[in-house]
Amino acid sequence: MPRKRKLEKKVKRLIAVLFLRSRSRPGVRGYELRKLLGENYMEVVRAAQRKLEDLGLEIKAVTDDGKILDISSEEDFSEARFVLVVREELKPEELKSCGWRIDDIAVLATAIIYILSLRGKAPRENIVNLLKDKIPEWRVNTALDRFIKAGYLEEENDLLKLGWRTYAEVNLEKLMTLFRAPSE
Amino acid sequence: MSIKRELKLKEWKEAIKEFDRIVSLIEDILRKRVDPFTVDISELLEKMRLLLEKYGDEVLLVDIEALCKIVDLIKEQEEWLQNESLVLSLGPFFALARIKQMSVEEIAEKFCASWTPIAYRDQASISTLMKALNYLDALKKFPKTVDFSLSSEYELDRSSLNLEFLSDEDFREKLETLEKKIKEVLEEKEEVDYWDLVIDRSFERSLENMIILSHLCSRGVVSIKINPLSGEIKIMKPRRKSENYSVALVFNYETWVKKIAEKKKTREKS
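Protein chains in written order, with our numbering: chain R, 60 to 243; chain P, 12 to 281.
Do not take every clue at face value.
To be verified - Just the calculated beta-carbon pair ranges, DEER-fashion:
hint : chain 1 : residue 1 : chain 2 : residue 2 : range
1    : R       : Pro195    : P       : Val196    : 33 to 41 Å
2    : R       : Arg239    : P       : Thr49     : 19 to 27 Å
3    : P       : Met247    : R       : Leu95     : 16 to 24 Å
4    : P       : Thr49     : R       : Asp124    : 46 to 54 Å
5    : P       : Phe48     : R       : Ser131    : 31 to 39 Å
6    : P       : Asn145    : R       : Tyr90     : 30 to 38 Å
7    : R       : Leu95     : P       : Val261    : 18 to 26 Å
8    : P       : Lys152    : R       : Leu95     : 26 to 34 Å
9    : P       : Phe262    : R       : Glu138    : 46 to 54 Å
10   : P       : Ser241    : R       : Glu138    : 34 to 42 Å
11   : R       : Asn99     : P       : Thr49     : 31 to 39 Å
Said to hold, decoys possible - Computed cross-link-like contacts, SDA-like style, restricted to lysine to any residue with a CA-CA straight-line distance of at most 25 Å:
hint : chain 1 : residue 1 : chain 2 : residue 2
12   : R       : Lys94     : P       : Tyr131
13   : P       : Lys191    : R       : Pro195
14   : R       : Lys233    : P       : Ser114
These aren't lab readings, by the way, just hints derived from the structure by calculation.
Please read these numbers as outputs of a predicted model, since none were measured by experiment.
We put the beta carbon where it would ideally sit given N, CA and C, even for glycine.
Input sequences plus hints: build the corresponding full structure.
This is how it looks when you write it as structure tokens:
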């Protein structure tokens with residue numbers, strides 16, 4: 060089989076795999092891709108990236124501690140998680156179709172902002188108290204548990220910190236800037 | 012000789028206390044998320060060095076413990092600095108004020124402008140399919156179910172038809188009523204007897220109350236406390252999330268008759 064066709068076949072396989080999710084966590088690890096696509100799996104990832112650009116999608120490699128790796132570099136990607144993200148931010152009217160309730164999204168946003176304002180970790184209790192007036196307490200707790208399960212947040216001795224998925228999906232700098240700006 | 016020894020012991024105890032103070036200070040900072048730079052690490056290390064020089068091996072273990080905590084604190088300082096650039100000096104009080112000020116929709120909207128979600132496909136696993144098949148299989152054991160056709164001729168009238176099921180709306184109403192009732196009782200007393208709360212004039216109503224109360228417990232609105240010795244069950248204000256556990260309570264017509272009789276008896280006595 061010619062090299063180009065072989066590569067195209069692998070790209071198709073990679074894209075299909077990237078859409079899958081194991082339990083509630085999407086994405087594939089680097090070592091899994093190596094097993095699936097061979098030693099030069101990064102070449103396939105880069106080729107897939109070029110194809111996905113036209114569709115408004117992007118492949119991101121993120122480590123467990125939230126570091127986003129540049130896929131055009133020659134770093135070690137074996138432990139990184141490869142995910143497919145939408146290139147452009149969502150519009151407010153698209154929010155309802157993303158699968159989360161508006162309340163849940165507000166819980167996540169509040170948790171992220173509060174965690175960042177406390178430089179990385181925040182007591183779970185404080186976040187629940189902060190939202191108690193707007194959303195019922197049980198719903199805040201349920202949403203936090205779901206976000207922990209999905210990888211957006213991590214819990215450590217009753218302290219919450221940001222999970223790998225927040226780093227992969229959220230432009231934190233932009234979020235903080237938006238949050239600092241006064242409401243219209 | 013013994014006085015000298017006692018003095019030495021007293022000094023040693025003071026040294027141990029000093030180490031404990033350092034450990035608890037750092038633990039407090041880590042737990043309460045206070046600025047880790049408020050502590051002068053070099054000063055702490057100097058203090059520890061002097062104590063170690065004076066007491067040697069006798070304070071070695073507590074010295075190691077304090078040193079470990081200092082390492083944690085340095086790690087915390089590093090994380091703090093890493094996030095400093097991100098937060099653009101947004102303090103917790105400012106964040107708190109902003110969140111309090113904004114509505115849920117506003118928060119969600121701002122978040123969505125900086126969110127590029129992961130694209131993935133929802134799929135059913137073999138185990139999910141098996142669960143669904145088992146569920147359908149279990150349904151066959153029941154007698155023929157009510158046929159809910161969508162024709163306009165057949166309209167459900169909740170008040171005139173006693174179909175023995177609750178709509179979402181009715182259920183929510185009942186939840187709210189019971190929640191309000193419990194909150195009023197718990198404002199006066201710290202705890203209230205479970206059976207006093209659920210037992211009603213009919214067996215069906217009592218059972219319904221139990222089901223509604225179990226939902227309130229699951230949602231964390233109230234907590235249940237059981238005394239394993241006396242078997243007493245109390246309803247109280249919600250406790251911490253980590254203390255959650257499930258409880259199964261047996262209830263049948265016999266229990267209801269018994270509880271009604273008990274209730275009558277206590278009412279007569281009072």
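Comparing the hints with the structure gives:
1. Remark: the range hint 33 to 41 Å for Pro195(R) to Val196(P) is contradicted by a beta-carbon distance near 20 Å.
2. As the Cβ distance of Arg239(R) to Thr49(P) is approximately 24 Å, the hint placing it in 19 to 27 Å holds.
3. Judged by the Cβ atoms, the range 16 to 24 Å given for Met247(P) and Leu95(R) is violated: they are separated by roughly 54 Å.
4. Between Thr49(P) and Asp124(R) the CB atoms are about 26 Å apart, so this pair departs from the stated range of 46 to 54 Å.
5. Between Phe48(P) and Ser131(R) the C-beta distance comes to about 37 Å, which sits within the given range of 31 to 39 Å.
6. Taking 30 to 38 Å as the suggested C-beta distance range, the pair Asn145(P) and Tyr90(R) conforms, at roughly 35 Å.
7. Against the hinted window of 18 to 26 Å, the Cβ-Cβ separation of Leu95(R) and Val261(P) comes to about 53 Å, which falls outside the hint.
8. Checked against the hint of 26 to 34 Å, the C-beta distance between Lys152(P) and Leu95(R) comes to roughly 44 Å, which is inconsistent with it.
9. For Phe262(P) and Glu138(R), the Cβ-Cβ distance of about 53 Å falls inside the hinted range of 46 to 54 Å, so the restraint holds.
10. Checked against the hint of 34 to 42 Å, the C-beta distance between Ser241(P) and Glu138(R) comes to roughly 55 Å, which is inconsistent with it.
11. Here the CB-CB span from Asn99(R) to Thr49(P) is close to 51 Å, at odds with the stated 31 to 39 Å.
12. Only pairs whose Cα atoms come within 25 Å are accepted, and Lys94(R) paired with Tyr131(P) is accepted, the gap being roughly 21 Å.
13. A hinted pair counts as satisfied when its Cα atoms are at most 25 Å apart, and Lys191(P) with Pro195(R) qualifies at roughly 14 Å.
14. The hinted pair formed by Lys233(R) and Ser114(P) meets the criterion: a straight-line CA distance of about 19 Å does not exceed 25 Å.
Hint violations for this structure: numbers 1, 3, 4, 7, 8, 10 and 11, all remaining hints satisfied.
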